[in-house]
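> This is what each chain is made of:
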Amino acid sequence: MQDSIKILDQKAVQSVIDQVKTIIDKHGTTTVSIFGWWSMGQRWARNKATMTSDQRDVKVAIRHELESSVTIVTNQIDEDSISAACSTLKGYSEKVFPKEAFVDLMQEPVTYDSKGYPVWSESTFNRHASRNAEIATSASALAKDRGLLAGGYVENAASSVTSYVRDPWGREFTTYGQITQAHCSMTVREGAGNGSGWAGGSSFDIDRLDTDRIASLALEKCLMSLNPVRVEPGRYQTILEPQASSFFFSDVVFWLGRQRPELGANGEAYLETDTSLRRHRTKLGLKIVDERITIGHDPLDPDVGTHVDPGIDSVSLIENGILKNLWFGYNDGAKELGQKNFVGRRSSFRVKGSDTPVEEMIATMKRGLLVTRISNPISVGPVFTGTTRDGLWLVENGKITKAVRNFRWTESPWFVLNNVEQLGQAIPVFTPVDIRRSQERRSNASSLTSIVSPWIKINDFSFTSTVDAI
Amino acid sequence: MINLNRRNLLAYGSASVASNLLLSRKLKASGFMHPCETGYSLLEDDKIRNLSKLTVDAAISAGASYADVRLTYTKSLHLGSSGPTPDRSESIGIGVRALAGGYWGFSSSPVWGESEAARLGKSATDNARANKSGSVPPIELSDLPSVSSGQWIMPVEIDPFDIPYEEFLDYMFGLRLFISRLQYVLPPTVGISAWFRSQDKYFHSSLGQYTHQRLYNTSGAIVFNMSDGVGFSSVRIDSLTPAGKGMELLKNREIRDYIKVHHQEGVLEMNLGSLPVDVGRYEVLVNRSIVANLASQSIGLSTELDRAIGLEANASGTSFINLPEEMLGTLTLASPLINISASRSEAGSVGKVEWDDEGVKPTAIELIKEGRLVGLQAPREGYSWLKEYHNRKNTSFKPNGSMNSASGIDSPLVFSADLKIEPDYNNGKSIDELREGIKDGLEFKIGDVVMDFQLSTGLGIGGSVFKIHNGRRVGRVINAGSIFRTANLWKNVTHIGRAEDVMGFGFAITKGEPTQTCYHSVFSPHMVIKDMDVIDVTRKA
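Residue numbers (our numbering), protein chains in the order written: chain A, 1 to 470; chain B, 471 to 1011.
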């Protein structure tokens, strides 16, 4: 194998696909996903750089499915390795699979163009480690001057994402896309732990990230959060900053997937079950959240377009609170829905905001809380619970009056999105690539997420207990 | 769905042959011979040794004062519960860490080759040098007690990657059949899955140290539901969390007996009535699996020194041990009954190694002694972090061997070693005896734990909770959980179970930027904790 390169080019991935095509049995469906990534990261803490890293890796996932499936994953793309991976897969599949036609596939051949998605930045791709080190140095100096401790992470990364699918009739499509991503987040803490502030952001273009602004915002929040007081848990009118609100939007968007109605009991959150008919009923066309909420995905939107992949066409999921579309895959949806194309699940999306500035949201609040971000959310039955983190303030009579000790909250995303008092400006939030999660198993590009989320003011957000963490 | 029978299963043999080829062909393609094929000791494999040395030398030549490299070859196999749907993964990684000008640099890739190794070594040093030196104090690494080279293979009884595929299927099919035939079990609900991982990890440092280890991580899940038409219970076998074992984790003499024990408990639970949560303070019998989880998160993570001094503040979080120099030796955070140590030498533990990821031979250390914080988990760099403390106390610093990394692609970080909670050797009771001692209380049998980002407060989420009256279970409590402060929780421990009931449980730890996940085990007895605040976890304010 040659020396590593930052990301794989189209020629390299095509040669892998060509090799797989010649080896794998044409019965069933063959999928090849190739994910090559490179990441230049800079960490710092306690006002000093702690690690400057350059990481890169490849993942080739070859999947063959009939009624069952086998997936082989390797990070070696030389001819012998791919050949051995295919042989291994065949070894499993020839014994495991019944030789039956598998008809639950797309009805018509489909092709997808590799459009010129605006998610590539030369500046991000060519950024040198020394520039990121400068960011760490200046952010640290800023905090040090105020007697505080800064920590942070800035990353510029690039990926190539390839999908190849061949159905049992030999129909096939291939997509290849390249994407850059830049992420920056900073935490400033008071030395004895009496205050903490955070700020962050993501973009495909590192030049769009205002790292000076992120540093000063984290510092400002730390200073504002010093010596927080305890406030009684309860239901509060609450302003969620975009980083906090994005979690609730993400959860709702995740569940907007359609399953075949005849599958029965596994219907997802948007569906109701008509017990008399023993069928699911869709909520398509019905109002499911506040009428001011509009959520969609457009691959040509530079703030949320993440990669080229089948089923990535622009889609409006919720318009003015009404459910307009649901994700569905070619295996599940095309046949039953009679649609030629499908709408692949995406974790990237834009929530339409408004012109209402956060200052106005605060000015019109009688008594409530302002939340910077949330931490460790976990599902407990129909609700989620988590904590607030790195900046929580009490707002009284239109003004921020004091820093508040963090809370544990227990709330349903559906409740949040149906109790909106005001919607603010929408901005790209910090969405770091969780590369490791994608490495062990076959999922890959889904870890590339970009979200544009607004400030939202919610009525009766439920804070259930105080936590000691600052 | 394929018809699973023994005849079909025995026909799958060639799959495993093919899978073995994946290994040998790939490594041949990279120019290496693997010991599986040659039978030679890896320490005698000059090619790997030379490659790792070349990487380190390149870093030093570029100006690093210290460098180390990890090469990993990782295999994993996941077998799903619904049928023969294997996921098989293999990957190679090489990552070099270099110390230059008072900063760390790191570079990694999936390519094993001489020119790539030289590139990575230089790149790591260049990355460190990308930071301007200024007046930053130098990083001082503690001396290694001994610079030892060697090879160590984690002892497992059955290497899962030596087993023909049909044997997996045969065994899992048999286990499924066994469970399905137990009284009241609903056969369609029987779920069995397994996940196997092995990793060959080579380490070479500029101190001349060269080691090779083969590590295993096996876990599984066995779940089933039961009903007699009136009552219902759900059973999950708790012994299959990640462990430093092979196939024997699932395939052993005791597993069927253990399943029977859980089944019998399920039968008893099936006919207990369901009760709503009566919010309040209770004496609670906490099952060892939950105690282990509590210890993993509230003691294991909080005593990671990098986290305690704030190096993870922007990522996974900080620690309530936020002033380690002042708190070490003085902070009381548990009942005098509590003694917890950290080591990486327990048989069967998933964190067991002979050397950590910076070449340190792990040593067992006490973290909590009679309720007091007496130890922290530190890497070699911890010498710099705690220098003032040790000078003041006139004590010497020792790294405990807690550096770890998920693979060669990741830079090493402090990950909690395996923990051992000492049982009550003298007066420890069985779980039945502990239950009998509770007049009115609760029993948390299965559950999860989630902590805040400073590990100071947490939420216990009960998956299976019972009301206890006069020493007996009298009902199942639905949606019960507990909110707690770490210190209060451990200080309120009133009884610790006996040594015979201590069991190991494996947990994942995720930290870093970008994130990476490593595993450790916690060996724990059952416990009784007083004054636990019990809540309905689904109830809003």
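I should point out that these hints are in silico values taken from the structure, not numbers from a laboratory. For each residue, glycine too, the CB sits at the ideal point set by N, CA and C. Hints are not guaranteed to be accurate.
To be clear about the criterion: a stretch of chain A counts as covered by chain B if any three or more of its residues have a C-beta under 8 Å from a C-beta of chain B, and this derived list gives those stretches [stated by the list, open to error]:
no.	stretch
1	44-53
2	70-83
3	163-169
4	224-236
5	240-251
6	352-363
7	422-432
> So, against the hints stated earlier in the document, which numbers end up violated here?
Per hint list: 3, 5, 6, 7 violated.
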